[in-house]
Amino acid sequence: MLNKGQGAMMGIYDTLLLAFDMDNRVDEARSLWNIVLHTHNRSISKRLFSRMISLFDHHSMPNKIIKVFADMEKLCVRLDETTVRKVYTSDED
1 MLNKGQGAMM GIYDTLLLAF DMDNRVDEAR SLWNIVLHTH NRSISKRLFS RMISLFDHHS
61 MPNKIIKVFA DMEKLCVRLD ETTVRKVYTS DED
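Note that the UniProt record's numbering has the sequence shown beginning at 1, numbered continuously upward.
You may find that some hints are simply not true.
Said to hold, decoys possible - DSSO-like, lysine-lysine: derived pairs with alpha carbons at most 30 Å apart:
1) K74 <-> K64
2) K46 <-> K64
3) K46 <-> K67
4) K46 <-> K74
Stated by the list, open to error - Have a look at the derived ranges for each label pair, beta carbon to beta carbon:
5) E92 <-> T39: 26 to 34 Å
6) M9 <-> E92: 32 to 40 Å
7) S31 <-> E81: 26 to 34 Å
8) H58 <-> I12: 26 to 34 Å
9) A8 <-> S60: 25 to 33 Å
10) R25 <-> N63: 25 to 33 Å
11) G11 <-> E92: 26 to 34 Å
12) V26 <-> L75: 16 to 24 Å
Calculated from the structure, these hints are not laboratory results.
A quick note: this is a predicted structure, and the numbers were derived from the prediction, not measured.
Beta carbons: idealized from backbone N, C-alpha and C, even for Gly.
Generate the whole structure from the sequences, applying the supplied hints.
Okay, here's the thing in structure tokens:
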């Protein structure tokens, strides 16, 4: 379980990733994601993984979706239905 500060930080990361997505700043989103992944690898929320999958889906980057999915599996993060659908459709391409 996350403490109050970690939860707030994850919310800030989520907001930043959404802003990068809306501004078409995919490279900056990927850089932030790599920092989050390497700094907080055991406490990343399902929401952040879903945000990255949505971002890569929005920008038609199926290889990156599969990579995020692999990270989710490695860290034993359970998938929600929407995320599973996005991963499945990206794998079909």
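Hint check:
no., hint, in the structure
1, K74 <-> K64, "holds (15 Å)"
2, K46 <-> K64, "holds (17 Å)"
3, K46 <-> K67, "holds (15 Å)"
4, K46 <-> K74, "holds (13 Å)"
5, E92 <-> T39: 26 to 34 Å, "holds (33 Å)"
6, M9 <-> E92: 32 to 40 Å, "holds (35 Å)"
7, S31 <-> E81: 26 to 34 Å, "holds (29 Å)"
8, H58 <-> I12: 26 to 34 Å, "violated (20 Å)"
9, A8 <-> S60: 25 to 33 Å, "holds (32 Å)"
10, R25 <-> N63: 25 to 33 Å, "violated (19 Å)"
11, G11 <-> E92: 26 to 34 Å, "holds (33 Å)"
12, V26 <-> L75: 16 to 24 Å, "holds (22 Å)"
Of the hints listed earlier, those the structure fails to meet are numbers 8, 10, in rising order.
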